[in-house]
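Chemist: Each chain, letter by letter, is given below.
Number of protein chains: 2
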Amino acid sequence: MEKTKVALVGMGTVGSGVAKLLLDYGDRTARHAGRTLWLEKVLVRNPERVRAVELPDGVLTSSLEEITENSEIKVVAQLIGGLEPARTIMLQLLESGKDVVTANKALLAEHGPELFDRARELGRSIAFEAAVGGGIPIITPLSQCLTANRIESIHAILNGTSNFILDQMDTRGSSYDSAVQRAQELGYAEADPTMDVDGSDAAQKLAILAHIGMGLKIHWSEIPCRGIDSLDPSDLQYARRLGYRVKLLATAQMVEDDLELHVAPTLVKMGTPLSEVHGAYNAIRVVGDAVGKVFFHGMGAGQMPTASAVVADLIDTAVGRAAITFRTLKLWSENTPRVTPRQYDQVPGRYYLRMRVLDEPGVMAKLTDVLGRQGVSIASIIQHEEETTATDTSPAKDTNSQAIVPIVIMTHETKEGALRKAVEEFDQLECVFGGCIRMPVRE
Amino acid sequence: MEKTKVALVGMGTVGSGVAKLLLDYGDRTARHAGRTLWLEKVLVRNPERVRAVELPDGVLTSSLEEITENSEIKVVAQLIGGLEPARTIMLQLLESGKDVVTANKALLAEHGPELFDRARELGRSIAFEAAVGGGIPIITPLSQCLTANRIESIHAILNGTSNFILDQMDTRGSSYDSAVQRAQELGYAEADPTMDVDGSDAAQKLAILAHIGMGLKIHWSEIPCRGIDSLDPSDLQYARRLGYRVKLLATAQMVEDDLELHVAPTLVKMGTPLSEVHGAYNAIRVVGDAVGKVFFHGMGAGQMPTASAVVADLIDTAVGRAAITFRTLKLWSENTPRVTPRQYDQVPGRYYLRMRVLDEPGVMAKLTDVLGRQGVSIASIIQHEEETTATDTSPAKDTNSQAIVPIVIMTHETKEGALRKAVEEFDQLECVFGGCIRMPVRE
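These protein sequences, in sequence, are chains A and B.
According to the numbering used here, the first sequence is numbered sequentially starting from 1.
According to the numbering used here, the second sequence is numbered sequentially starting from 1.
Treat the hints with care, as some may be off.
Same chains, same label: a pair holds when it works inside one copy or across any pair of copies.
With a Cα cut of at most 35 angstroms, we get these calculated DSBU-like pairs of lysine-lysine [as the list claims (entries may be wrong)]:
1) Lys269 - Lys421
2) Lys20 - Lys421
3) Lys74 - Lys330
4) Lys5 - Lys74
5) Lys3 - Lys217
In short, the hints are calculated from the structure, not lab data.
Being a predicted model, the structure only gives us computed values, none of them experimental.
Let the sequences and hints guide you as you build the complete structure.
Modeler: Below, the structure is given as structure tokens:
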């Protein structure tokens, strides 16, 4: 049987999973690729370290040249995270004539245009199914299966860590901090989970999906983004009482020829498929004008799900499919049509607001006055019976022992800009303690 | 821009949808295929008939030779249903050097081996994303994205008509007949819906999925199959009371090296994604040993969803991806690994049983005696308070005016064979009226 020699750069969690699939289950790849994918080299920093997966002698190396200068190695899976040296290594691999597979979404979101241009100039390909949604097939469906559609919207849960944390807060009433700790214990969250919980990771993935689906070409950091780190378990309980669950939702929605685009903790109507995504799972809901709604759900991270996608890309690359897709789609090139992101201030929607206010006459009048002046109309109000004291959380203000009550307001449809201004005004009011939590609502 | 000439055979619902996408939205296919898909010919029986989609002059033809003898036409979508003349036309297209795209799952389930062998001999390809799950990407995910996995199981709702009927019976308490009528009014069911409601359509699609996913090579008619046509709205209500919904579920599940395989109305635990598939939607839940659970949901039929899949296949074929997939996967060939279907009698599971019995002493003892002798143990019993009289539905038996009560039994885990024998014995009992309904239970 024909043999295609492949190499891996990096032997962390995902790299070990890929090695395991190639070494222990070579018969599968042989069957589906019509050839053996032969693991020739694995680049690591320290070849002496004991590995979870046992590799044949001579496979481990600390020298990139052993890969770049071996003309028999055709395909390389680049599996180290971060931007550097990942970017430099990726360019060196392309320059040396390798087709590349990667799971590094940060790298693509940051340097996609440069890497893709260079690969095109060199006649090489980059495949990246594992970069978004882990093992869930989503890059291939968007780049192949749904190409007859105008993609109208993508609504997605793209960060499993945040989803796990929200699920813990929702179903167990855990505090944010203890949910984060639990996620770390289970290996779902990094020691520093900032990129997961502040929405950056989801924004990077959304930038990639919206580029493929809709031709969006902006830097991911320009996507309006709020994280889950300021939420309280009570927000999930209020949401539930109102008939919603809170999800860190990545949204790309065409409105005429503009693209509404944001990542934010969002109230998602209970009973809809997205509201039922639990634990560390991911899900992507795509609407195309021909196909209608299509929904994809599965593990968005983890060793073997991600390795599943990487090996599929290795097969696609070895058999030549990846090269065709790469050539015809012209991703991140001058030929990609541009869509304009809609001004975030102009994005319409209903909102959930929660704040903690002094329990004294006239407070509600002040709040409704602010909303009224911004043209935001109120759909419902919950004033919770539980009370705390200002000293608990707001020692800076001189209101010791005054009663404080949480207030939750659901608005009618308004604009993000009007709401933002209202929240800024709330934050200036003496009677409002701590920040005002706001979340868009999705029916 | 480069141009690939394509033709359609058939201009029914799906054909019109495909023509619409090619003619009105050519810019999309051009963008995603890197070339124009040029609709050169459409074969119809009567070119004079007025069509829903207006075609350029000279495109309609009633002569297959205008397609087979035009060497500029490279790809043909074969969109007529049934087995003949679909099979003969498909062979003629392949012989004349065309790559073929089809949505005809019956044709593939029946003549897959012959058609695929012939295409391979001729160096041609067949693409068929639209044959299963309509617009839902499932053939491509199974043939490309999940190829690093051993597929452990496929559980799927593959017939939108049945799902719509069950949903009407469940949510509106409609009778089976009125639900069928409603489905016909809305265009979800054919005038003769037999293939939809008796499970044949789902069995054909399951045969295709299990072939790609697990290497199953049996004729679809060998798949044990029960339909929804004997169900009563009360079955859906009992199921709901027990915490389940009834779905026509297609199951392919590896048990060691055997494949459990069947299509049957099944009690699906409420709250699981499959239980929440409503209306005419389809869904496929795939478990792979690396990727874990992956779930796909969308419109399984209908003009534009199916056309979306057909056009994606036209693009895949025009750019050369379909040829690679076809060549490497060797579907329906001698090279496909075989799995052995597990003896249906040996398939384990819990069961729901409903029957109508005479309300007299000793009946329950007779029923439990039968179950006991077959080694089937009872988990719970519902004896409904509502009563009917035997004359309502069973005029043949001489039991006028005797009270009849429905009894629902949930069993503990047993074997299909033991249950079948018990049901055969029930059907012989004087005190049991009409057939005994049995459905497997899926947690």
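Chemist: So, for every hint listed, does it hold in this structure?
Modeler: The hints, checked one at a time:
1. In this homomeric assembly, Lys269 and Lys421 come within 35 angstroms of each other (Cα to Cα) only inside a single copy, at 26 angstroms, whereas the closest approach across copies is 46 angstroms.
2. In this assembly of identical chains, Lys20 and Lys421 lie within 35 angstroms of each other by CA distance neither inside one copy nor across copies; the values are 53 angstroms within and 46 angstroms between.
3. For the homomeric pair Lys74 and Lys330, the shortest alpha-carbon distances inside one copy (21 angstroms) and between copies (24 angstroms) are both at most 35 angstroms.
4. Taking the shortest Cα distances, Lys5 and Lys74 sit within 35 angstroms of each other both inside one copy (6 angstroms) and across copies (34 angstroms).
5. Taking the shortest Cα distances, Lys3 and Lys217 sit within 35 angstroms of each other only across copies (28 angstroms), while inside one copy they are farther apart (38 angstroms).
Comparing the model with each numbered hint stated earlier shows that hint 2 is the single one that does not hold.
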